[in-house]
Each structure stands twice: as structure tokens, then as C-alpha cells.
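Please dock the two separately framed chains into a single complex, following the hints provided.
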Amino acid sequence: MVSIILDRMAFPLFMFVTGVIAVLESNRLTEKYVDGDWLSGPSSFMMILGLLILAICFIETVRSVFQIRSDLKKIDEHVVATKEDEEKSDEEKGYIKDMIISFAMVLVYIFIIRYTGFALATVIYLAANLTLLKNPIVRIVLTVVVILALLLWGAPAMGISLPRGFLGL
Amino acid sequence: MGWILNGFQQVSTLQNMLISLLGCFLGNLVGVLPGLGPTASVSLLFPFMLKLPPLSILLCLGAVYYGAMYGGSITSVLLNIPGEVASVPTAMDGYPLAKQGRAGSTLLICAMSSFFGSMVALFLLAFFAPALGKFALSFGPFEYFGLMFFSLACASGLSGKSVTKSLFMAFFGILLSMVGCDSQTSAFRLTFGSFRLLQGFDSIPIVVGLFGITEVLSGIKENVTTVSEGESKYARVWPTKRELKLSAGAAARGATIGSSLGILPGLTPSSCTFIAYSLNQKLCVEKDKIGHGAIEGCACAEAANNSAAMAGFIPLLALGIPTGPVLAIVLAALIIQGVVPGPLMFTVNIDLTGAVIAGFFIGNIIMLIMNIPLIRFWVKIAYLPYKWLAPIILFLCVLGTLVIRYATFDLWVMMAFGALGFIAKEKDIPITPFVLGLILGKSIETYFRQAAVMGFEKIVHHPISIIALVGGLALLVVFQIFKEKVHD
Chain R
0 MVSIILDRMA FPLFMFVTGV IAVLESNRLT EKYVDGDWLS GPSSFMMILG
50 LLILAICFIE TVRSVFQIRS DLKKIDEHVV ATKEDEEKSD EEKGYIKDMI
100 ISFAMVLVYI FIIRYTGFAL ATVIYLAANL TLLKNPIVRI VLTVVVILAL
150 LLWGAPAMGI SLPRGFLGL
Chain U
0 MGWILNGFQQ VSTLQNMLIS LLGCFLGNLV GVLPGLGPTA SVSLLFPFML
50 KLPPLSILLC LGAVYYGAMY GGSITSVLLN IPGEVASVPT AMDGYPLAKQ
100 GRAGSTLLIC AMSSFFGSMV ALFLLAFFAP ALGKFALSFG PFEYFGLMFF
150 SLACASGLSG KSVTKSLFMA FFGILLSMVG CDSQTSAFRL TFGSFRLLQG
200 FDSIPIVVGL FGITEVLSGI KENVTTVSEG ESKYARVWPT KRELKLSAGA
250 AARGATIGSS LGILPGLTPS SCTFIAYSLN QKLCVEKDKI GHGAIEGCAC
300 AEAANNSAAM AGFIPLLALG IPTGPVLAIV LAALIIQGVV PGPLMFTVNI
350 DLTGAVIAGF FIGNIIMLIM NIPLIRFWVK IAYLPYKWLA PIILFLCVLG
400 TLVIRYATFD LWVMMAFGAL GFIAKEKDIP ITPFVLGLIL GKSIETYFRQ
450 AAVMGFEKIV HHPISIIALV GGLALLVVFQ IFKEKVHD
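For the record, the sequence lines run as chains R and U.
Position one of the first sequence corresponds to residue 0 (numbering that gives the first Met the number 0), numbered consecutively onward.
Position one of the second sequence corresponds to residue 0 (numbering that gives the first Met the number 0), numbered consecutively onward.
Looking at chain U on its own, in the form it has when it is part of the complex (with noise of 0.2 Å):
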């Protein structure tokens, strides 16, 4: 204990702790453009940072972390964009809210959650991160294919109405993440003899073009006059006693999964919090409005992401091993610093631990102090004149989609997925089972590549992954007899 209070004492001056809330604001500012992500907003500003000494570089780096990710969920909830791919469940379940005037209470649990996750995360990381370290590495191909193939029977089998549709959907969002040329081969795939597609879709042009541009066709199609017919222009900020308790059960749910996922190498925190998702469709009271604005839905992704994403600094500081793009810039600065994470973080570096980990604390805090008063202001959005709002956010998925790899194709991508996703909102197909298919396809196809090499007869050594593919299929099976009887 005393190394973390000695970290506190390091971190609380006040040139850091002007450095946190200066990384936070940043953060939310560079979060709230569509596409703009955590990773691009910290590979952005991470120039900026170098001449800053090496604990203060650590701690700016958190904030314009934790502040990016917050600001993907504004634009998730107001605009249906989400900044990134984590944010897409809560767009998913936090724009529905926003139209019924509830983005206020939205944005509020989803700072909470948020907060929630990390803490959980940093107490992992502060008590047990060691030992977590080890077990994560005895996770193998077998045990992340049966976890994958259960989050993607957990969504399949939860969204829409028929689950041989959900599934199609799936499968058409793996086969989508192998375009391109295949990195154990070099094999050229589903390319069609186009030299635009040998690198394959990049997620944020799909996803943007499947929630922005669609939402936005939707709303001109629908003549919506704001993005929130619910209450007045003062909606409430505070959520009610209800949403407080759903919430906190379902924070708790996407906390768990998602520091739990979080520690093992190659789950990035967006498949984490979509895994977390699925799984919270089960286990969440309102089960019927999962995807449709349920609050319990927001809080789990949330509280899921923040804490996946924390969760990721267990490996990389007691391994060296970096889970995500984000935390391979953290190791490039701690490096550049002359420190070299790994079990000497927690020996001989363990002063500079423990003041990195009191910086986290103290980031959150100040997150979450510097978002409350904000989200009134925020809430406004969803107030502005549609026919004025529309034209903006279309050009912010342009500008966003743009700045990712500087690609017209990506352009193209987005508007061609915007276009599907309309079809598909109309004809009412199911889409969170297509992007999950789409964020996990590659680690799922190299898992099974990796397991078939190793040979599929030592699945029996393996009673994870036996389990978690034998209780997929079941989930699948029981929701397609279920929802025939529903349709009866």
C-alpha cells in the first residue's frame, strides 16, 4: 500500500494535475469528431507530449485517453456516430434514449459507468496485477476461439427477430474482415484483381456509414425536426432511482467482463466491450429494449470499455506486452523514458508504478468532475433544428472518415455501408451481429488457423473453450425455438 500512497504524493502537484485535466479536455475534443478515436487522438497529441517529463508524459497520455473514449460516447448518444468502434453499443442503446429526451441521464450513467470500469481496472491493476499477468498468458487459440464463437451465439441469437438472419449477418461481417491480403500468407483475398482492397476495410468507414449516414437518411426521411422529441429544451440530467439501479447491475456486469477480457493479450478493449455486450443481452432485466434504448445497455459498454481498457495496462506493465494501438504508444514512451515495463515494474520501478496508477485515479476523477457540468451543454445538441443538424453530421463523418488513413475508397466504403445500413433498418435486419462479425473476424480466424495447426484433437485438454462452444450452439438453438414460438 505504501508504494500507491507514495504515488499519490508524486502525482498531486499541481503542474500534473493541471496535466491531466488539460489531457482530459483534449481528449473530449478530439473524441467528439467522428472517427477521431482514442487511438488517433493519442498518436495525435503524443508529439506534443515528448518534451514533458516521464511521469507527466504517462499521466497526459491517460487523460487524452480517458477523455476520448468519453467523447466517442457524446457523439454515440446525441448523434448515433460513434467516434470509434467501442462506442458503437452505445450508440446503439443511447441514441434511442437521446430521442426520448433522455440524453441528459444517458450521458450522465455513461460518465458514471465509465468511471466505474476503471476503478474496478485500476484495483486490479494496483493489488493483483503480477499474478493477473501470468494467468492471462495461459489463455491459448482454443480458449479465445470458444470465447468469440460464444459472444457472436450471444449476439446472433439476441438480435432481431430471426436468428438464421442474425447469424447470415455474422458470417458476412467475418468474411468482410478477410478482404485483403492475408498476413500468415500473403494471399491475396475475396480482392477481385483490385489493388484498393488488398488492404482490406478499415472498421470506422463501416461503422460510421452504417450508424451516421444511416441515421441521418433515416431522420431526413422522417422529417425529424430535433434528434430529441422527447422533453423540453431542459431536459433532465440526473437519472431516476430506476435507471440508477439498472445501471449499476449492468456497470458491475460490463466491469467484470471487461477487466476480465481486458488482461488477455490480443482481445482489444472494442471487442471486449462488445463481447460484454452480448453477454449482458442474457443476463439484463430489460432484455426486450437491449438495442432499442436500454440504459442497462449503455452502462455495460461503457463500464466495459473503460475497464478493458485500463484492464490492458495490467500486461503491458507487469509483461511488456501491449493489448491494443493505444498502449503500444504508452510502452513506445515509456521506452523512450528508459523504462522497460515488465516484472520490474512492480521491483524496481515500483515508485513510478505506483504514482502512474494514483495518476489514473486521479484522471477518472477529474473526467468525471469536468464532464457533469458539461453534459448540459452537450444535451443541447440534440436540440439543434435537424435540418440544420443533418448536413453538419454528414459532413463530420466525411471529415472523420477522411483523416483515418487519408483514403477516398474509405469515403466510398462508408457511403456504400450508409446506403446497406438504410436497407437494412428498413427491411429490419439485424446489424450488431455484422459489426461484431466484423471487429472479432480476423482474431477468430486466426484462433481456429492456430488451433487446427496445434490439432483440433487437443481441444479436449481444453474445457474452457468446450464449454463456452457447446453453450453457444445451445444459445442458439434455444433462441431460434424461442423465437419461432414468439412468431407463432
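So here's chain R without its partners, still in its complex pose (with noise of 0.2 Å):
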């Protein structure tokens, strides 16, 4: 019943959210900057737009009530998971948690660029990523010496400067 709630009133959330933010931030802008015409300000616009967002919110939130209600007068059907269902359940769950480290990998693969540098970063990035989508080991080696050659000659010669480490790389 948790779930459904959250499911379903997160975007409400959101926009109520977002529309309050700008409001807020309209309002403190009217006070700092804002000396003669309102409507030609740095917040006006804002400020309309925050309104429009908060009215939208109004309609989503008593709409998502709604679907909350005829949601929970489902939930008495029960589905009974089969084995096989089970099986392929836990089959997405190794493609999800594939998915996940892969984007975690990308998060590490931006945050040592500015230590080891562009090309060896790449290169540990994309040992790593291959590795873990099981990619044959030949063609882990090819692919991380061809993007190597291509960061290395390829990119100076097409005039691109790419960051570089410790390793001057």
C-alpha cells in the first residue's frame, strides 16, 4: 500500500516541489532586483511559470488520489509466482545490478579523469565496463589499444586537447 502511495504521488511531489522553488525564488528576486516594471523583470516570467506549476500540481494530486483508490481495490488479487517466473526474476535482477555498476562505473570513470587524466581513465573504464558485460578478453585488448591510439594521435590531430594526470597522459 506504501509503495502504490509513493508511486504514485512522487510526481505530484516533484512538481510541488519545483513549483515552490520558483515561486520562492521569484519572490527574492522581486525584492533584490526588481525596481520599476514587474512584468519585464528578471521574475515575472519565473513567478507565472511557479503559479502554472503549482495549479498543474492541484490537478495531478487530486487526480493521483483518485487513481490511489481504485489501485488499493486491486491489490486483493493475488498473483502466484510460478518457478520459472521466479527464475526470470532473478535474471533481471543480474541485468539491473549489470545496469547499475555499469552507471557506478561511468560516476568513478568522470571523478579520476582530473587525476589520472583522460586517456588513462578511459582506458581503466573501459577494461572495467567490458569485463563486466563478459566481453571476450581479445576484444577487451583491441578495443581499449584502438581508443588509446585514437586519445592519444587521433584527437590532437582533429584539434581537440583532452585533460591529462599525473602520467602526462
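Any given hint could be a false lead.
Said to hold, decoys possible - Simulated crosslink set (DSSO-like; lysine-lysine; CA at most 27 Å straight-line): (1) K96/R - K72/R; (2) K96/R - K424/U; (3) K426/U - K220/U; (4) K73/R - K160/U; (5) K482/U - K73/R; (6) K96/R - K220/U; (7) K220/U - K160/U.
Derived by calculation from the structure, the hints in this document are not laboratory data.
Laid out in C-alpha cells, this is it:
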């Protein structure tokens, strides 16, 4: 039940927060910057948008409440998971895990660029992510070598300079 | 007519042909990299062109421009990574088509629509440039505001299952475009004291995140084996009769809207493409497929993009007003060579103008001829193993975003929007209105404020604006009622 409510109300909540931020920021700008005509100032359009978003949020909240009620009525219907479904679900969980790790790897990749330089960070990232996704070792080595060559010689030839790290790469 | 024929005579030399071919090829090559759109391609290659004669510089610039635009379409269709903002609509329809095994025919339709769009705009440039240039100046803030509101209403009305959600996404996009230092008052808006937000968000990292990163994450989650899972490795390149018929109408609409809007200073080709795409949603045959793999969407977007880009030369040559950054570089190239664009281009410098138009015409033909045989090569990308392609795409997204302004902050923005895009995809929240709001946000606010300075009561003297505003509102109401009925 909690998950249904969270699922349905998350978007209206996001709308509400966005609308409130727009209105508050617009208010701050009005106090700070506007001397003359408010409409042509930096805050007017933002205020209008904020109010429109809050109005939409109200409509969406009402709609979500009705949807939650109809969802709760359906909750009594039980679905018995077969063994096959469970296995499939385990398989899906594996892919979701791969997705999350791949995403985290890109975050680490971006983080280490400033320390290792772009070329070295790319080599580490590609080797790690290609291994995670179960690529053959020959393919991984070839990919890393080709990309490294392109970054070291191809990019400067095209006038693209990339961040360098402690090894000067 | 004589001056255009004279132009063809000037351009038809082996050196100029080779320059056009090389320009197209280099533009293609750079444009294929995500994040490096026409502006970046032209900027990167411009310094190397300065040693060439004036006419050759213009031909090369034009060829690089087309090449890069088509390069953006290739990655949009095959990998769902729009190289530039104007390629987003192509990605929205082209990628689902590639997934169905129709990458070859989609790329060919894109090339042909681009060619058609360019030809329409070149025709206008050759025969109506001075008159159209003057007409473009009659558009004021009221008309621009009305036009942009109408396209936002179209996109919000047609995207997703709920008009309110779509409308919110459009407003959210506009709000994000406001982040940073206000250009008119220097007020810091929505920066929350962070100096990184002072410059605002660049649209490319957001677009790459929303499309490229989101798609790769979905692909890994769904254990996709190859991008294209429809037909065999040697999928057909030539479109069917029905595809051609649908595309012809859509390309005609795209070219008409793109070239009409492209002449207006202040509307970039990407804005024109989005407006044309959202209007096409209303007029096309396969309305329900738009955004999910409609060939009409690709044809319209490509024709609009190219015709708007070419139509931008009308105010540039006739009035000396560049409508976007690429044309500003062209203007700089002309000035460096001692040619000042303006009305004199159609009197004193008519020979050069004729040669430029002829050069663009030939450049477009070279572009089309060069790319048709290459399509079979490009299509093979869609059949590469996804477990290899996914990390490569993620690497290209990082590289493409990084080289825009060498800011690591942009990479974090890209990842954040990648995650948001993934959630939006899972929850069925439309992305199109958000991107449109983001792209048009700054302009729509500027025109609103300019209209406020002039006085909103003066809108009665601007019938185009009134029609667009009322039409937009009516569309929203009609779509809301229609969608509720369908839902029931």
C-alpha cells in the first residue's frame, strides 16, 4: 500500500517542490532586483511559471488520489509466482545489477579524469565495463588499444585537447 | 538567372569539387561524435580553411555544415545519441526504427529529406532573398512569443498520456533554461549560491544524458543483444513505397515550416526543427507512431533542420544578420575576405552570391551521393554486440560532452539527466516537452519581457500572435478532453 502511494504521489510531489522553488526564487528576485516594471523584470516569468506549475500540481494530486483508491481496490487480486517466473526475475535482477554497476563505473570514470587524465581513465573504465558485460578478452584488449591510440594521436590531430593527469597522458 | 548560371561556372572546377567533398567528409566524421554538432565542427575546422580563396572557404564551410548535420543524424538513428539539439527529434523516431531493423531505410530517408529541405531553402535564397529578408524583420516579440507558445502547446498536447504532465515537463524545461546569470539584469537566478550554476546549463549534456545515457542503461537492463533486432545483418536500405509516400509529405511540411521560420532572426535551426516536428505531429498520417518510430517524424525533422539552416543564409546575405553561431562564423569568414553581407550582396557582389548558391547546391548533391553507399557501412553499427557497444557509447557520451567546454560539471549534469531520463522512461513521463522547453526557454522569456516593455495591450495590433496564443490554448483543452475520453 505504501509503495502504491509513493509511486502515485512522487510525481505530484516533484511538481510541488519545483513550483514552490520557482515561486520562492521569483519572490527573492522581486525584492532584490526589480525597481520599475515587474512584468519586464527577471522574476515575472518565473513567478507565472511557478504558479502554473502549482495549479497543475493540484490537478495531478487530485487525479493521483483517485488512482490510488482504484489501485487499492485491485490489491486483493493475488498473483502466484511460478518457479519459471522466479528464475526469470533472478535473471532480470542480474541485468539490473549490471546496469547499476555500469552507471556507477561511469561516475567513477568521471571522478578520476582529473587525477589520471582522460586517456588513462578511459582505459581503466573501458577495461572494467567491458569485463563486467562479459566481453571476450581479445575484444577488450583490442578495443582499449584502438581507443587509446585514437585519444593519444587522433584527438590532437583534430585539434581536440583532452585533460591530462599525473602521467602526462 | 544569369548570375546563378555564372555561379555554377565559377564553382565547377576540380579544386572546388574536391574541397566540397573533403568538407562533407570531415563534417561527417566530426559530426558523428556525440556533442560535436555543426557549430563545433565548423569552429574546429574553420582555422584550417583560412588559407583558401574566399569562395573556397564558403564552399568548405557549407560542406562541413551539411556533413556535420548528417553526422548527427547517423548517431541519432543508430545509437540514440543526438550529436546536437536539432537531431533530438530524429533520435526520437529514428532510433525506434533502427531497433525494428529499419536503420538503412531511415538513414536514406534522412539523407533525402535533408537534401530536399536544403533545396527548398536554396530556391528561396536564390529567388526571394531580398524580399524575404525584409519580411523577416517585420516579426516582433509578440509574434515570436505566440509562435513559441503554440509549438510548446502542440508538443505538450501530443506527448504522453497526460496533458498536465507534459505541460509540467515543458515548464520544468523552461525553468532549467533560466538557471544562471540573467543577461538583461545580471541577476543570479536559481543558482542557490553555486558558482558552477552561474553560466547555466548547456543543453548538450542534458540532451546526451536524457537520450544517450538513458538508452544505454535501458539496453543493459533489458539485456539487448544488438541495437537492431528486426531484420538480418544485411537489412534493406531502400525504403518501401509507403515509407516514401509518407516521408514525401512530411519532408514537404518540414521544409516549408523550416524555411519559413529559418529566415527569422532569433530562431535557430534547432528551435525551428522542434517547432516543425511538433506541428507535424498534428498533420501527419501516423500520429500514434510519432515519437515511437514514425518515418514521418524523421523526414520532417531532417527537412526542417536543413531548410532552416539554409534559410538562415537569407537574412545573412540579404541583411547581414546571422541567425545562429554557425552563420556568425560564416559572417566572420566573409568579413575577413573583405566582403560585407547586406543588400550589396545582390547588386555589387552578385557574382559571389551566385557562386555561393551554386556551391551549396553542388555541396548538397555531393553529400547525398557520398552518403548513399556509406549507409550500408553505418547500418552495421546497429548490429554490433550491445555488450561491446554499450561501454563505447558511454565513453563517446563522456567524450562528446567534455569537449564542449571542458567542464567536468557538464559530465555530472549529463549523468544526473541520464538517471532522470531513465526514471522518466520507466514511469512513462514524456521527455519531448521538457527538451522543447529547455531549448525555447530563454527565447520565450526574452520575448515575453520585450512584449511587457512594449505593453501587452498592444497585442491587438499583432493578429498572428493572437491566433497562435488562442490556437495553442484551444489545442491544450482539446487534447486534454480527447485523452481523458481515450483513457476512460
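Here's how the hints hold up against the structure:
1. Proximity of K96/R to K72/R is assessed by CA-CA distance (about 33 Å); at most 27 Å being required, the pair is judged violated.
2. Proximity of K96/R to K424/U is assessed by CA-CA distance (about 18 Å); at most 27 Å being required, the pair is judged to hold.
3. Between K426/U and K220/U the alpha-carbon distance is near 15 Å, which keeps this suggested pair within the 27 Å criterion.
4. Of the supplied pair hints, the one linking K73/R and K160/U holds, its CA atoms being roughly 22 Å apart against a limit of 27 Å.
5. At most 27 Å may separate the alpha-carbon atoms for a hinted pair to count; K482/U and K73/R meet this at roughly 23 Å.
6. At roughly 8 Å between alpha-carbon atoms, K96/R and K220/U fall within 27 Å of each other, so this suggested pair holds.
7. For a cut-off of 27 Å, the pair hint linking K220/U to K160/U stands: about 24 Å separates their Cα positions.
When the structure is compared with the earlier hints, a violation turns up for hint 1 alone.
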